[in-house]
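Asks: Between the sequences and the hints, there should be enough to build the whole structure, so can you do that?
Counting the sequence shown from 1 gives a position; the working numbering is that position plus 161.
Don't read these hints as lab results, they were simulated from the structure.
Wrong hints could be hidden among the right ones.
[Claimed, not checked] Here are the in silico distance ranges between beta carbons for each label pair:
id, residue 1, residue 2, range
1, 243, 178, 16 to 26 Å
2, 235, 208, 17 to 27 Å
3, 164, 195, 31 to 41 Å
Virtual Cβ for every residue (Gly too), placed ideally from N, Cα, C.
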Amino acid sequence: MKKETISIHAGYESEATTKSVAVPIYQTVAYEFDNAQHGADLFNLAVPGNIYSRIMNPTVDVLEQRMAALEGGVAALGVSAGSA
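Replies: So this is what it looks like as structure tokens:
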């Protein structure tokens, strides 16, 4: 796949409910847990999901997946300015 295609499409599949072709910008700060065990599993990285936007969120996840795809890597880490 060309780098141009990867930079636009990698890491995101449109949602069934909205069918949006553009990545949504998630401006939420916190995410709901199903129960206390679910929250513990998220913090222990036992299950995938979001905890708090400064740690991870769906928008940054797409960025990380695209960067990894563009660089041919396994994963990438997106951080705020000054955190790298």
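Asks: Hint by hint, say whether it matches the structure.
Replies: Evaluation of the provided hints:
Taken as a hint, the range 16 to 26 Å is violated for the pair residue 243 and residue 178, whose Cβ atoms sit roughly 36 Å apart. Taking the beta carbon of each, residue 235 and residue 208 are about 20 Å apart, inside 17 to 27 Å as hinted. Judged by the Cβ atoms, the range 31 to 41 Å given for residue 164 and residue 195 holds: they are separated by roughly 39 Å.
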